[in-house]
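Novice: So the protein lines, in turn, are chains A and B. Residue 681, in the working numbering, is where the first sequence stops; the numbers in between run on with no holes. Residue 681, in the working numbering, is where the second sequence stops; the numbers in between run on with no holes.
It is possible that part of the hints are untrue.
Chain B side only, calculated, beta carbon under 8 Å to chain A, not exhaustive [claimed, not checked]:
id, residue
1, K235
2, P255
3, N266
4, L268
5, G287
6, R327
7, N333
8, F355
9, P409
10, I486
11, F488
BS3-like, lysine-lysine: derived pairs with alpha carbons at most 25 Å apart [stated by the list, open to error]:
id, chain 1, residue 1, chain 2, residue 2
12, A, K246, B, K503
13, B, K394, B, K370
14, B, K435, A, K190
15, A, K322, B, K235
16, A, K525, B, K394
17, B, K322, A, K322
18, B, K190, A, K440
19, A, K246, B, K519
20, A, K517, A, K601
21, A, K506, B, K519
22, B, K394, A, K530
23, B, K190, A, K246
24, A, K437, B, K190
25, B, K533, A, K511
26, A, K517, B, K246
27, A, K246, B, K246
28, A, K190, B, K322
29, A, K506, A, K575
30, A, K530, B, K437
Honestly, the hints are just simulated from the structure, not real lab data. All figures in this text were calculated on a predicted structure; none of them were measured in a lab. Where is the CB? At the ideal position from N, CA and C, for every residue including glycine.
Number of protein chains: 2
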Amino acid sequence: MAKHNNNNNGKAQEKDEKKLGITVKKSDNFSEWYTQLCAEQGADLVDTRYGVAGFVVHKPWAFKILRGIYDLLDKEIEEDGHEPLLFPTVIPEENLLKEEEHAGFAPDVFWITHGGNTKLERKLALRPTGETAFYPMYGLWIRSHNDLPFKRFQSRITVFRNEATTRPFLRGREFMFYETHDVFATHKEAMKQIDTDMKIMNEVAYETLKIPFIFFKRPKWDKFLGADDTYASDTIMPDGKRNQCSSTHDLGQNFAKVYDVTFKDKDGKLKYGYQTCFGPGIYRLMAALIAIHGDDNGLILPTAVTPIHIVIIPITFSKKPELTEKVLNKCKQVKELIEKSCFGIKVKLDDEDKSPGYKYNKWELMGVPLRIEIGPREADGDEVTIVNRISREKEKLNLKNIEKELNTHINDFEVMLKKRADEYFKGNTKDADSLEKVKKIIEEHRGFIKVPWCSTEKDGEKCAETLKAETMGGVVSGIKFESPEKPKKDQKCVICGKEAKHIVYVAKSY
Amino acid sequence: MAKHNNNNNGKAQEKDEKKLGITVKKSDNFSEWYTQLCAEQGADLVDTRYGVAGFVVHKPWAFKILRGIYDLLDKEIEEDGHEPLLFPTVIPEENLLKEEEHAGFAPDVFWITHGGNTKLERKLALRPTGETAFYPMYGLWIRSHNDLPFKRFQSRITVFRNEATTRPFLRGREFMFYETHDVFATHKEAMKQIDTDMKIMNEVAYETLKIPFIFFKRPKWDKFLGADDTYASDTIMPDGKRNQCSSTHDLGQNFAKVYDVTFKDKDGKLKYGYQTCFGPGIYRLMAALIAIHGDDNGLILPTAVTPIHIVIIPITFSKKPELTEKVLNKCKQVKELIEKSCFGIKVKLDDEDKSPGYKYNKWELMGVPLRIEIGPREADGDEVTIVNRISREKEKLNLKNIEKELNTHINDFEVMLKKRADEYFKGNTKDADSLEKVKKIIEEHRGFIKVPWCSTEKDGEKCAETLKAETMGGVVSGIKFESPEKPKKDQKCVICGKEAKHIVYVAKSY
Numbered sequence: 172m173a174k175h176n177n178n179n180n181g182k183a184q185e186k187d188e189k190k191l192g193i194t195v196k197k198s199d200n201f202s203e204w205y206t207q208l209c210a211e212q213g214a215d216l217v218d219t220r221y222g223v224a225g226f227v228v229h230k231p232w233a234f235k236i237l238r239g240i241y242d243l244l245d246k247e248i249e250e251d252g253h254e255p256l257l258f259p260t261v262i263p264e265e266n267l268l269k270e271e272e273h274a275g276f277a278p279d280v281f282w283i284t285h286g287g288n289t290k291l292e293r294k295l296a297l298r299p300t301g302e303t304a305f306y307p308m309y310g311l312w313i314r315s316h317n318d319l320p321f322k323r324f325q326s327r328i329t330v331f332r333n334e335a336t337t338r339p340f341l342r343g344r345e346f347m348f349y350e351t352h353d354v355f356a357t358h359k360e361a362m363k364q365i366d367t368d369m370k371i372m373n374e375v376a377y378e379t380l381k382i383p384f385i386f387f388k389r390p391k392w393d394k395f396l397g398a399d400d401t402y403a404s405d406t407i408m409p410d411g412k413r414n415q416c417s418s419t420h421d422l423g424q425n426f427a428k429v430y431d432v433t434f435k436d437k438d439g440k441l442k443y444g445y446q447t448c449f450g451p452g453i454y455r456l457m458a459a460l461i462a463i464h465g466d467d468n469g470l471i472l473p474t475a476v477t478p479i480h481i482v483i484i485p486i487t488f489s490k491k492p493e494l495t496e497k498v499l500n501k502c503k504q505v506k507e508l509i510e511k512s513c514f515g516i517k518v519k520l521d522d523e524d525k526s527p528g529y530k531y532n533k534w535e536l537m538g539v540p541l542r543i544e545i546g547p548r549e550a551d552g553d554e555v556t557i558v559n560r561i562s563r564e565k566e567k568l569n570l571k572n573i574e575k576e577l578n579t580h581i582n583d584f585e586v587m588l589k590k591r592a593d594e595y596f597k598g599n600t601k602d603a604d605s606l607e608k609v610k611k612i613i614e615e616h617r618g619f620i621k622v623p624w625c626s627t628e629k630d631g632e633k634c635a636e637t638l639k640a641e642t643m644g645g646v647v648s649g650i651k652f653e654s655p656e657k658p659k660k661d662q663k664c665v666i667c668g669k670e671a672k673h674i675v676y677v678a679k680s681y
Numbered sequence: 172m173a174k175h176n177n178n179n180n181g182k183a184q185e186k187d188e189k190k191l192g193i194t195v196k197k198s199d200n201f202s203e204w205y206t207q208l209c210a211e212q213g214a215d216l217v218d219t220r221y222g223v224a225g226f227v228v229h230k231p232w233a234f235k236i237l238r239g240i241y242d243l244l245d246k247e248i249e250e251d252g253h254e255p256l257l258f259p260t261v262i263p264e265e266n267l268l269k270e271e272e273h274a275g276f277a278p279d280v281f282w283i284t285h286g287g288n289t290k291l292e293r294k295l296a297l298r299p300t301g302e303t304a305f306y307p308m309y310g311l312w313i314r315s316h317n318d319l320p321f322k323r324f325q326s327r328i329t330v331f332r333n334e335a336t337t338r339p340f341l342r343g344r345e346f347m348f349y350e351t352h353d354v355f356a357t358h359k360e361a362m363k364q365i366d367t368d369m370k371i372m373n374e375v376a377y378e379t380l381k382i383p384f385i386f387f388k389r390p391k392w393d394k395f396l397g398a399d400d401t402y403a404s405d406t407i408m409p410d411g412k413r414n415q416c417s418s419t420h421d422l423g424q425n426f427a428k429v430y431d432v433t434f435k436d437k438d439g440k441l442k443y444g445y446q447t448c449f450g451p452g453i454y455r456l457m458a459a460l461i462a463i464h465g466d467d468n469g470l471i472l473p474t475a476v477t478p479i480h481i482v483i484i485p486i487t488f489s490k491k492p493e494l495t496e497k498v499l500n501k502c503k504q505v506k507e508l509i510e511k512s513c514f515g516i517k518v519k520l521d522d523e524d525k526s527p528g529y530k531y532n533k534w535e536l537m538g539v540p541l542r543i544e545i546g547p548r549e550a551d552g553d554e555v556t557i558v559n560r561i562s563r564e565k566e567k568l569n570l571k572n573i574e575k576e577l578n579t580h581i582n583d584f585e586v587m588l589k590k591r592a593d594e595y596f597k598g599n600t601k602d603a604d605s606l607e608k609v610k611k612i613i614e615e616h617r618g619f620i621k622v623p624w625c626s627t628e629k630d631g632e633k634c635a636e637t638l639k640a641e642t643m644g645g646v647v648s649g650i651k652f653e654s655p656e657k658p659k660k661d662q663k664c665v666i667c668g669k670e671a672k673h674i675v676y677v678a679k680s681y
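Using the sequences provided together with the hints, build the complete structure.
Specialist: This is the structure in structure tokens:
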């Protein structure tokens, strides 16, 4: 499985200079554009040459963005009353297998069998997710109704699945993970938590990261095996495929019964808890950020997670050193002015020995929202040039009013980013009331297709199988959780022709 | 190896109420005191009943303290110019074994051999540390002198070693890790970094966490195998044993030659880099915090990492509900006043339905620096009672001057904590100029013993072996890095009687 590409033959070799730039357009070849943008010549997000297929190294720029996403989630999750835990990375075989009939993770699990040269008495699984690690302990910790609601989370961890194919931030054999695991006394409270989870996704993914999504109740045939129901937020990627950015499982009392998660209720009786778990997809949010906001010049980063808000680039001329010094001094002054006046704004002066053109290119690739250019003509005055990463238009920035002007620029950038993403997402949802129309839309456009559907219970699964076969992979994402749409009178299921009970969203999926 | 203690037999069982309190004195039985303090009835830091020996669950209180330690380090490390990375948790076998002769990790490594039911083509190691993961990639990334110094770090991760015996925060099969990996053009710059690493430890461990330590250059026989030299900070635990809280390795060009970490220098020639790596011990700092600051009533937490600075406890009487309401209202007012007036102070109102005595006990166990008590008599006035966790003396707190008064209380607490730790540490260092004296001190007291020593090069190793055998485990920690002490004229090595070249510090070790 492991693949080893680096040239470590133990002697010093000639090395090539690093080259920058993406050679394809996003609209021409999204897949290649995405690959190049993730790599060293792009925004330098990951290195896939680590030597084990599906395991990547996260470079500093990516790590800082991902850490930013974690921080946004931690804030919301803790404010919602969750306490942090850290569990071992390994799960005893018998705990994992106890839940086998529900969860069925075993085929994808990596197994640890040896410590040094000695075979372990019982093999250990690298965690594929947290349920079978958490819940046996919940069985010990939770005693009475006073302990409920019991809300815990685990952040900044990775999980492991032996996937057949991998892609940076979309599917990895080791990938960044986030999980909450909650226990309630009643199913009603559990359902309220699912609503809260959706609101947290709305705050983090949509309002802050500007990733539009729809929160669905999945059809019964596409739920997490151990759950009664699964709820998920899906966005659409530029290749028209659905990207699941979070899931919340309504676990009912299924796991509670297996792992003995009980509490003594006010009436003195011992009862099983109702459980939910929420998994915002750190990787999937990152993939959506890259793919939805990025353009032919590189990444475009929302201000909440960009490692740098403003880069200052001196326009210098190697033949005129006295001008260079003047320009560099002005750049330093402007940097200090911004740091002093604009709280929370992260600013970088790029004084590397490279041409201004190289630097424009580089920081556009990296997705920094704003660029300030300072040349000899601007070294004396109170005005410098500012460029918005989205519009790429040059404007004047008055240094005398810097706090207000920069806030306006940042706000304009955020509004632009959201508007652009909203329009993109709206354009990726179409209606169809027949299989022929569904097939046509999927062929030429993909994205979400709203269709009338017979049933999202088990009896609708057959239609889903037909749909998938007829459309080369189209799947039913589910019914909208908030204000589910009702079919018009007399609308029929696009597959079986029976009366439609729901409007569901169909899309190809990763 | 795995041990499974929980009662998951799939049906609801009677559960006991959780009980609080430590039943032994720290001075009578440090080991038992430490175990109880870490457990559920103590400060509820870890749960060792996870089912796999040596793998523990970190509970919320411990996790928040540990996260605080990580944050302190991240701040210093990033300010020193390190950029964050995240590497895979697994290391390809051939990369690990390439360095076998230097590092020799293989005997303690956990091996992943299967994905699902399929045997992997080549087995993967769970990382025991980062060198053999990082440096093959450094070989690809570092190209020219412009890339140097190259400073990267990895935070908030765990590593895995199949240790024979384990203890919470002292030795685990999976434990929290922190690592920097730096490359320099010259050895001089590498040595400067080692000095900086020491200063970072001084800032974080001593100035902030109030853990006194000595920074040593280890004797050659006790260095990391792959390094030219190892530098380490050691503190002393209450059982007199040395606790290594960090190490920095001067790797010279050893790893660079194995993993091809080269750069094109200004003169156009390809050269090997000089490497250092710094590993502050997250677990070890936590163990020191618990053991050095804690007392018979529980933890005592430095303000920089305590999850709560002040707990407010209402003194209520179940028989007088109208007084209870009045007291609770006052408590809420005081909480809001503190939140509004004192930026950065984390305050909690404990309004759980338990007695004040239970709550005093609980929050003393948890180590919260300050406690405010509000009873019926204080519900009307401008004065409440405040209690310092160390002195446990009651004082009056004037609410009209709350910001200033609370800052004074917190400052007093910090000064007290440092003074206490300094005195403790000073009392744990003695002098000896003969083996007999060393043996006597180790037997009755342990701690550091300063002794004249022949050599810390390879030729001193025999004496170290004799010392260890004669003292039932005493080891040479090394020579002080800053201002190394010189033996007096005519002082002889306590073992071989040859002329002493150094004053070294001897202690038993974990």
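Novice: Look at each hint and say if it fits the structure.
Specialist: Here is what the structure says about each hint:
1. K235: holds (7 Å)
2. P255: holds (5 Å)
3. N266: Result: holds, 7 Å to nearest chain A Cβ.
4. L268: This hint is violated: B/L268 lies away from chain A, its Cβ roughly 12 Å from the closest one there, beyond 8 Å.
5. G287: Because about 4 Å separates B/G287 from the closest Cβ in chain A, which is inside the 8 Å limit, the hint holds.
6. R327: holds (5 Å)
7. N333: With a closest approach of 3 Å, the B/N333 hint holds.
8. F355: violated (16 Å)
9. P409: violated (26 Å)
10. I486: violated (21 Å)
11. F488: At about 21 Å, which exceeds the 8 Å cut-off, the nearest Cβ of chain A leaves the hint on B/F488 violated.
12. A/K246 <-> B/K503: holds (23 Å)
13. B/K394 <-> B/K370: Holds, at roughly 21 Å.
14. B/K435 <-> A/K190: holds (16 Å)
15. A/K322 <-> B/K235: holds (15 Å)
16. A/K525 <-> B/K394: violated (42 Å)
17. B/K322 <-> A/K322: Status violated; Cα separation ~38 Å.
18. B/K190 <-> A/K440: OK: B/K190 and A/K440 at ~21 Å, within 25 Å.
19. A/K246 <-> B/K519: The hint holds at about 18 Å.
20. A/K517 <-> A/K601: Judged against 25 Å, a Cα distance of about 40 Å means the pair is violated.
21. A/K506 <-> B/K519: Violated, at roughly 40 Å.
22. B/K394 <-> A/K530: violated (44 Å)
23. B/K190 <-> A/K246: violated (32 Å)
24. A/K437 <-> B/K190: holds (20 Å)
25. B/K533 <-> A/K511: Cα-Cα ~44 Å, so violated.
26. A/K517 <-> B/K246: Holds, because 15 Å separates the two Cα atoms, which is no more than 25 Å.
27. A/K246 <-> B/K246: holds (19 Å)
28. A/K190 <-> B/K322: Measuring from Cα to Cα gives roughly 21 Å; hence the hint holds.
29. A/K506 <-> A/K575: Given pair A/K506, A/K575 holds - Cα atoms ~16 Å apart, limit 25 Å.
30. A/K530 <-> B/K437: Since the Cα atoms of A/K530 and B/K437 sit roughly 23 Å apart, the hinted pair holds (cutoff 25 Å).
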